[in-house]
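S.K.: Line by line, the protein sequences are chains E and V. Take the first sequence: its position 33, counted from the start at 1, is 33 in the numbering used here, and no numbers get skipped. Just remember that the numbering used here sits 81 ahead of the position in the second sequence, which is counted from 1.
Everything labelled a hint here was simulated from the structure, so no lab data went into it. Built from N, CA and C at the ideal position, the CB exists for glycine as well. Treat each hint with caution, since some may be false.
Stretch-level coverage of chain E by chain V, calculated; a stretch enters the list once three of its residues show a Cβ under 8 angstroms from a Cβ in chain V [to be verified]:
#1 14 to 22
#2 28 to 40
#3 43 to 56
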Amino acid sequence: MTNREKLKALLIDILLLEDSEFRFDLMRKDIETWDSLAIVAIGVGIQETFGYHMTPKEAVALKGVPDIINTLESKGISFDE
Amino acid sequence: MYILYESEVNEDISRLDKAWPEPPTFIFMPDRSAVSREWVEKGMARFPDSFQENHFVLLTSGSTGMPKLVIGSRKRAEDLASVIHNVQDSEPVIQTVLALPLSYCYAFVNQWLWSRVEKRALISVGGFNRPDNLKEALLAAQDCMICLIGAQVPLFVSHYGDDTSFPGVIRVHFAGGPFPQQSIHIVKRFFPNAKIFNNYGCAEAMPRLTIRPLEDSDEGSNIGKPLPGIELRTGEAGEILFRSPYRAVGFYDHDGLRIPSDEDWVPSGDLGEEIDNHYWRIRGRSNEVFKRYGEKISLPQLMNTVCARWSGQAAFYRDKDPSGEEGHVLILTPEPTKEQVQNILQAFRKNHPRTHWPLRLESTPAFPLLPSGKIDKAGLAKIKNATVHWRQRL
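Between the sequences and the hints, there should be enough to build the whole structure, so can you do that?
M.R.: Right, here's the structure in full:
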């Protein structure tokens with residue numbers, strides 16, 4: 001499974017998205033389930049899946065999927081297709 | 082005063098018939114219970130002289146893990162049996178078949194005592210401990226009444242399949258837990274000629290407070306109207322309080338002996354509210370409504386969401402998330418498919434904010450049951466082989 005596929009599966013699971021709802025340019029404001037508890041869950045899920053411990057500040061600052069990818073890529077986790 | 086064990090009565094039900102008119106008060110105990118004989122005897126020793134005769138005592142509340150001896154007046158209980166006879170439209174009934182343990186207050190008053198007071202036949206064949214005998218008795222039944230709890234509906238399906246019905250049963254009563262509104266089509270299939278009632282009460286009421294004929298509402302949480310002579314109101318926290326001329330006259334638990342006066346309002350242990358035309362709606366056990374991140378969580382309401390998408394058995398048990406906040410776990414049986422899990426989760430997403438979502442969605446091959454047939458909620462949290470299908474990552 002590629003990192004892109006792992007991230008997609010993780011966010012579908014946390015945000016309870018339908019498969020067809022997911023996009024890699026999805027923004028937090030577009031999804032009602034991306035709430036304050038989801039921010040915590042995304043932080044925990046990122047650590048479990050990619051091994052990177054996101055700080056609370058980083059998790060709160062995420063505005064969408066592109067920000068998650070940028071944050072992880074800056075830590076050396078590749079999302080190349 | 083003495084202890085009468087259920088196994089003694091099951092062997093020879095005339096023991097109960099003999100005990101009832103004799104003066105000494107008796108404690109009718111299940112054979113297996115969460116309390117020792119010493120604890121019961123300690124409680125008996127504290128009973129005042131006025132309770133030493135013409136009373137009976139039942140043990141209740143195994144499902145919450147807080148055992149309580151409930152002391153009933155025989156005269157009050159007989160009066161209630163007569164009231165029940167009228168409100169349950171039981172005049173045409175000539176017999177009743179037991180499907181619940183007799184030490185269960187609901188079966189004791191609504192079946193054994195009712196049959197004694199109204200001079201109807203009581204048929205005891207071991208309930209679902211002997212499902213073939215129960216089936217035979219129900220097939221042979223004529224103008225029969227049966228008392229059930231909602232959790233027994235799946236037992237009818239698993240034991241008797243799709244092609245059995247019991248046309249001789251003309252009254253079916255539910256009490257002792259959530260009314261099985263979602264599976265009422267199954268109840269009607271098994272009992273095509275029965276009037277169905279949702280009865281509400283508690284052991285402290287000994288046991289009946291309200292009644293609703295099925296057709297009065299399509300809402301499972303609608304418990305109907307109070308019985309004649311019974312008053313209901315809600316306390317500050319929304320808990321149902323009652324006054325009843327039939328209720329238990331004393332209670333003994335780990336806090337000691339309590340003897341309320343007739344003026345006292347007694348909590349039923351549930352939350353509820355009055356709705357239209359004196360009908361009442363139950364909102365769950367007091368311990369089934371709690372706050373999570375400041376939001377009020379009602380497990381019975383969440384169960385409605387689950388039952389709309391899941392036809393198997395489902396239950397919640399309480400747990401805490403890693404931050405120490407109170408939460409709840411949804412557990413199903415039998416094993417759901419991936420699609421069914423997604424279906425239930427999507428129902429949570431659609432109908433409830435995340436704080437109301439379960440911490441985990443689990444399944445197990447079978448639920449642990451209490452001797453009464455109710456789900457052993459304390460036992461759910463101790464299941465070791467539960468499969469986790471989904472979890473909130475918190």
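S.K.: Okay, the stretch 28 to 40 of chain E and chain V, do three or more residues pass the C-beta test at under 8 angstroms?
M.R.: Answer holds; 5 residues pass the 8 angstroms Cβ test.
S.K.: Counting residues of the stretch 14 to 22 of chain E that have a beta-carbon nearer than 8 angstroms to any beta-carbon of chain V, does the count reach 3?
M.R.: With 3 residues in contact (Cβ-Cβ under 8 angstroms with chain V), the coverage given for the stretch 14 to 22 of chain E holds.
S.K.: Check whether three or more residues of the stretch 43 to 56 of chain E sit with their beta carbon closer than 8 angstroms to a beta carbon of chain V.
M.R.: Result for this restraint: holds, n = 3.
Consistency note: the structure conflicts with none of the earlier hints.
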